[in-house]
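**Student:** This is what each chain is made of:
2 protein chains.
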Amino acid sequence: MAVRQHIFDTITQIFRRHGAVTIDTPVMELTEILAGKYGEDSKLIYDLADQGGEQCSLRYDLTVPFARYMAMHGKPSQYQCKRYQLAKVYRRDQPAMTKGRLREFYQCDFDIAGQYDLMIPDTEILCVLKETLDSLQLPVDYDIKLNHRQLLDGVFRVAGVAPDAVRAVSSTIDKLDKQPWTEVHYELMHERGLDKNVADRIGHYVQQNGDAQLLQKLADEPTLMANPQASQGIRELQLLMDYGEVFDIRDKIKVDLSLARGLDYYTGIIYEAVTHGTHGVGSIAAGGRYDDLVGMLLNKPNKKIPCVGVSIGVERIFSLLMEMHQQGHSDSSIRGSPTQVYVISVGDGLVKQRMQIAKELWDAGIAASYMYKSKPKLEKQWAVCDREAIPLAVIIGQDELDQGVVRIKDMSNKDEAQGKGQTLPRSGMVSAVLDRLSR
Amino acid sequence: MAVRQHIFDTITQIFRRHGAVTIDTPVMELTEILAGKYGEDSKLIYDLADQGGEQCSLRYDLTVPFARYMAMHGKPSQYQCKRYQLAKVYRRDQPAMTKGRLREFYQCDFDIAGQYDLMIPDTEILCVLKETLDSLQLPVDYDIKLNHRQLLDGVFRVAGVAPDAVRAVSSTIDKLDKQPWTEVHYELMHERGLDKNVADRIGHYVQQNGDAQLLQKLADEPTLMANPQASQGIRELQLLMDYGEVFDIRDKIKVDLSLARGLDYYTGIIYEAVTHGTHGVGSIAAGGRYDDLVGMLLNKPNKKIPCVGVSIGVERIFSLLMEMHQQGHSDSSIRGSPTQVYVISVGDGLVKQRMQIAKELWDAGIAASYMYKSKPKLEKQWAVCDREAIPLAVIIGQDELDQGVVRIKDMSNKDEAQGKGQTLPRSGMVSAVLDRLSR
Chain S
1 MAVRQHIFDT ITQIFRRHGA VTIDTPVMEL TEILAGKYGE DSKLIYDLAD
51 QGGEQCSLRY DLTVPFARYM AMHGKPSQYQ CKRYQLAKVY RRDQPAMTKG
101 RLREFYQCDF DIAGQYDLMI PDTEILCVLK ETLDSLQLPV DYDIKLNHRQ
151 LLDGVFRVAG VAPDAVRAVS STIDKLDKQP WTEVHYELMH ERGLDKNVAD
201 RIGHYVQQNG DAQLLQKLAD EPTLMANPQA SQGIRELQLL MDYGEVFDIR
251 DKIKVDLSLA RGLDYYTGII YEAVTHGTHG VGSIAAGGRY DDLVGMLLNK
301 PNKKIPCVGV SIGVERIFSL LMEMHQQGHS DSSIRGSPTQ VYVISVGDGL
351 VKQRMQIAKE LWDAGIAASY MYKSKPKLEK QWAVCDREAI PLAVIIGQDE
401 LDQGVVRIKD MSNKDEAQGK GQTLPRSGMV SAVLDRLSR
Chain Z
1 MAVRQHIFDT ITQIFRRHGA VTIDTPVMEL TEILAGKYGE DSKLIYDLAD
51 QGGEQCSLRY DLTVPFARYM AMHGKPSQYQ CKRYQLAKVY RRDQPAMTKG
101 RLREFYQCDF DIAGQYDLMI PDTEILCVLK ETLDSLQLPV DYDIKLNHRQ
151 LLDGVFRVAG VAPDAVRAVS STIDKLDKQP WTEVHYELMH ERGLDKNVAD
201 RIGHYVQQNG DAQLLQKLAD EPTLMANPQA SQGIRELQLL MDYGEVFDIR
251 DKIKVDLSLA RGLDYYTGII YEAVTHGTHG VGSIAAGGRY DDLVGMLLNK
301 PNKKIPCVGV SIGVERIFSL LMEMHQQGHS DSSIRGSPTQ VYVISVGDGL
351 VKQRMQIAKE LWDAGIAASY MYKSKPKLEK QWAVCDREAI PLAVIIGQDE
401 LDQGVVRIKD MSNKDEAQGK GQTLPRSGMV SAVLDRLSR
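Line order of the protein sequences matches chains S and Z.
Quick note on the working numbering: the first sequence kicks off at 1 and runs consecutively.
Quick note on the working numbering: the second sequence kicks off at 1 and runs consecutively.
It should be emphasised that the hints constitute simulated quantities derived from the structure, not laboratory data.
A couple of the hints might just be wrong.
Which copy is meant is left open, because identical chains are indistinguishable; a pair holds if it fits in one copy or across any two.
Pairs of lysine to aspartate or glutamate, EDC-like flavour, derived with a Cα cap of 16 Å [what the hints assert, rightly or not]: (1) K304 - E32; (2) K373 - D117; (3) K420 - D399; (4) K373 - D143; (5) K300 - D134; (6) K75 - D117; (7) K252 - D117; (8) K37 - D435.
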C-alpha cells in the first residue's frame with residue numbers, strides 16, 4: 001500500500017498541477033448505461049442481483065461513468081471541465097497477478113470535456129501522460145503510440161474496404177501488436193473476406209510508424225488526402241505534433257498506423273503508452289478522443305460535449321515499481337510504517353509516562369508510537385524500531401524522569417559512538433525531534 | 001469533493017500520526033463471510049448476481065473485512081497491527097441525503113489488533129477519535145458516550161434477566177437515545193416479557209450517566225460487583241479513565257449505561273460520538289472492542305486476535321461541514337479549482353506562447369491553466385479567474401513578448417492601484433510566482 005500510495009500521490013499531484021478537479025461516481029451504474037459501450041468485452045461486466053429497484057452493474061471503466069456524469073450535469077458554462085478520478089473498476093476476467101490483470105483494479109483517469117479549439121486539450125493530455133510516466137521513474141523506457149480513428153478509417157476506405165466492414169477490419173488490425181503481419185493478412189482475407197489486393201494496400205499503410213516525417217509523407221499522397229476522413233486525421237496529427245514541440249513530448253511519440261484500440265467510442269486521436277522490452281506488462285496507459293459518447297448517453301446525438309482523456313494503468317505500473325521496491329531499488333522514502341519516533345522505557349514500564357511523551361509528540365504533528373504493554377521488555381522495543389525502520393527513539397528510565405531529561409537516539413545510525421543517545425531537557429524534546437527529522 | 005478531500009486529508013494525517021498503515025480490501029466479500037454478523041440489518045446487504053464462480057456481496061462495513069483480512073494474514077509477529085481504511089461501504093437502505101444516510105458511503109476506520117495490556121490500545125483509540133473530531137472543527141460540540149458490553153450484560157443479569165434474553169433486552173435498551181424511558185419500560189415488559197420489578201431494576205441503572213464518579217459509585221455497590229462481568233467492565237472503564245487523563249480526553253467522555261450498540265460482535269468497551277443539539281445528524285462516530293470476531297472467521301474460536309476500533313461517520317461530518325462551507329464559514333483554503341496561475345493573452349491569441357509559459361510553471365510544480373482557444377477573448381479569460389477564484393494571472397501580449405517580460409497580477413486583490421500588474425523579466429517569472437504564492 002505504501003508503494004501504491006506513492007503512485008497515487010505522484011499522479012494526483014500532476015493531475016492537479018494541470019488544474020483538474022476530482023469527481024466521485026458510484027461504483028454501480030444502471031445496467032442499461034453500460035450496455036453497448038464495450039464491444040465484445042461487455043460479457044465481462046459484473047451485475048448486481050435483482051433485489052428490487054433498478055438493475056445495476058459494477059462500473060467497467062471510468063470513462064462511461066464520466067460521460068454519464070457530463071450528460072446529467074454538464075452545462076455549457078462548464079466549458080473547461082478537467083477532471084481526474086482514481087477509483088476501482090470491475091471486470092469478470094481471468095486474473096493474471098504478475099501482469100497486473102485483476103478483477104478489481106484501480107484506474108486513474110484524466111479527462112477534458114468541452115468545446116475547444118483543435119488539438120489544444122489533446123496536446124495537454126499527452127503532456128500530462130508524459131509528465132506522469134516520467135515522474136514515476138519506471139525501471140523501463142516507454143513510447144507513446146499515436147494514431148487517429150479518422151485516419152485509420154480513411155486508410156481502410158482508400159484501400160477498398162466497404163464502409164460497413166471498417167469496424168471489423170479495425171479490430172483485426174488491432175492484433176498487430178501481438179501477431180505478425182502475415183497472420184493478420186491471412187485473417188483479413190479469410191475471416192473478413194477482403195480481396196488480396198485490398199489487404200495488401202492496408203498492409204502498405206499499417207506497417208508504417210515514425211514521427212512528423214511520416215505524417216508529411218502521408219500528407220503528400222494525393223489518393224489518401226482525397227479522402228476527407230484521412231486528410232482531417234493527418235491535419236490534426238500534424239497540429240498535435242506542432243503543439244507537442246512546445247511541451248517537449250515529441251521524442252516520446254511514435255505515430256503508429258497499426259494502433260486501432262478496441263473500444264467503440266473513440267472518434268479522434270487514440271494513443272497507448274507501451275513499455276520497451278519483454279517486461280510482460282505491455283500497455284501502461286491508453287486513451288483517446290470520444291466526442292459522441294456524452295450525446296449518445298443523452299439520447300441527443302446532436303448535443304455534443306467533446307471529450308478527450310487518458311487512463312493510467314496503475315496496476316501494471318504497480319507491478320513494475322513493486323518489483324523494484326522488493327529488490328531494494330525504489331525511492332527510500334517509501335516506508336511501510338509512518339512512525340517517526342518510538343517511545344521506549346528502560347527498566348520499569350512507565351506506561352503513563354510513555355503515553356505522556358507520545359501525546360506531546362502527536363500534538364506537535366509528529367508520528368509517534370510506543371509498545372502497548374505496561375512493562376515491555378527493552379529488546380522487544382528495539383526490535384519494533386528495527387522491523388518498522390523507525391528513524392528515532394525517545395528513551396526514558398527512572399533516572400531520566402528524576403532529572404527531567406530524555407534521551408534521543410538515531411535508530412538508523414548503528415554507529416556505537418552515539419552510545420546511549422543524546423540526553424537533553426524534557427522541555428527541549430519536541431524541537432530536538434523536529435530538528436532531527438528535518439535533516 | 002474539495003470539502004470531502006479536506007475531511008479525508010485531516011483524518012488520514014491523524015491516523016498516520018498514530019502509526020497506522022493503510023490496507024485495501026476488495027469491495028466484494030464472499031456472501032458467507034458477511035452472514036450472521038449484522039443482526040437484523042443483514043437484509044440490507046447488496047448481493048452480486050450469480051454469473052458463475054463464488055457468490056459475493058458488497059461489503060456492509062469495514063470491520064468484518066478487516067477481521068477477515070486478519071484471519072487470513074494475521075501472524076503472531078504482527079502483534080502491533082494498527083490499520084486505517086478509507087473506503088466505501090454499501091447498504092440497501094432508504095436514503096436520507098440531509099442526514100448523510102446513503103446507499104453508498106465512505107467509512108473511515110482505525111483499528112488496533114493484537115494481544116496487549118488492558119485498555120492501552122482502547123485509550124489510544126479514544127484519543128484518536130477526539131483528535132480527529134477536534135481537528136475537523138465541527139460547527140457543533142460533541143460528547144463521546146461510553147459503555148461496556150460486559151458491564152451492561154452484568155447489569156441485566158443482576159436485575160434478573162435470564163442469560164438467553166440478554167441480547168434482546170440489550171437491543172431494546174439501545175432505543176433509549178430516541179425514546180423516553182416509559183416507552184422502553186413498556187416494551188421491556190410487554191414485548192420482552194420482563195417482570196415489572198426486573199424492568200424497574202434495569203431502569204435504575206440505564207438512566208444513569210456521568211463520569212469517573214459514577215464508575216466509583218457503581219464500584220461501591222456490592223450486589224453489582226458480585227457479578228464477575230459487571231465488575232470486570234467497571235474495572236476496565238476505571239483504568240480507561242485513568243489512562244484517559246494523560247491523553248486529556250476525560251472531559252469529552254460521558255459514561256452512559258444506556259448505550260448498547262446494535263452489532264453482535266462487540267465484547268468490551270463500546271462508544272459513540274454524538275453531536276449536541278438538534279442538528280439531526282446524531283452519531284458521527286462509533287466503535288468498540290471485538291475480541292472474538294477474527295477467531296469466529298477462522299472457525300477457531302480459541303485462537304483470538306483481540307481488536308478495538310472506531311469508525312468515523314464521514315458522510316454526516318460532510319453534511320455538517322458542507323453546510324458551513326455553503327454559508328461561507330469554512331476554512332478558506334478549501335477551493336474547488338486547484339489552479340494557482342491562469343495564463344492570459346492580450347490582443348492576439350499567442351496560444352503556443354501561453355503553452356510555453358504554462359509548461360515552465362508546471363515544471364516548477366505550480367498549478368497553471370490557460371484557455372483552450374487559439375484566440376480567446378480577454379474578458380472570457382478574466383471570467384475564468386473570477387469563477388474559479390484563481391489567485392494569480394500571468395499576462396502576455398505582443399509588447400511583453402517583444403520586450404522579454406511578463407506581467408503578474410494578483411487576482412484576489414481588486415485594488416485598482418496595482419493597475420496592469422507587476423512587469424518583470426520573463427526569466428524571473430517562476431521565482432516571482434512562487435514568492436507570491438508562498439505569502
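**Student:** A separate judgement is required for each hint: does it hold in the structure or not?
**Tutor:** Verification of the hints:
1. In this assembly of identical chains, the alpha carbons of K304 and E32 never lie at most 16 Å apart, being 20 Å within a copy and 46 Å across copies at closest.
2. Taking identical chains as interchangeable, the C-alpha atoms of K373 and D117 lie at most 16 Å apart only when they sit on different chains, with a minimum of 5 Å there against 65 Å within one chain.
3. Taking the shortest Cα distances, K420 and D399 sit within 16 Å of each other inside one copy (13 Å), while across copies they are farther apart (67 Å).
4. For a Cα distance limit of 16 Å, the shortest separation of K373 from D143 qualifies neither inside one copy, at 54 Å, nor across copies, at 28 Å.
5. Taking identical chains as interchangeable, the C-alpha atoms of K300 and D134 are never at most 16 Å apart, the minima being 40 Å within one chain and 49 Å between chains.
6. Proximity of K75 and D117 under a CA criterion of 16 Å is satisfied in neither setting, with 18 Å inside one chain copy and 58 Å between copies.
7. For a Cα distance limit of 16 Å, the shortest separation of K252 from D117 qualifies neither inside one copy, at 24 Å, nor across copies, at 58 Å.
8. In the homo-oligomer, the alpha carbons of K37 and D435 never lie at most 16 Å apart, since the shortest distance is 56 Å inside one protomer and 48 Å across protomers.
The structure does not agree with the numbered hints 1, 4, 5, 6, 7, 8 stated previously, though it agrees with the rest.
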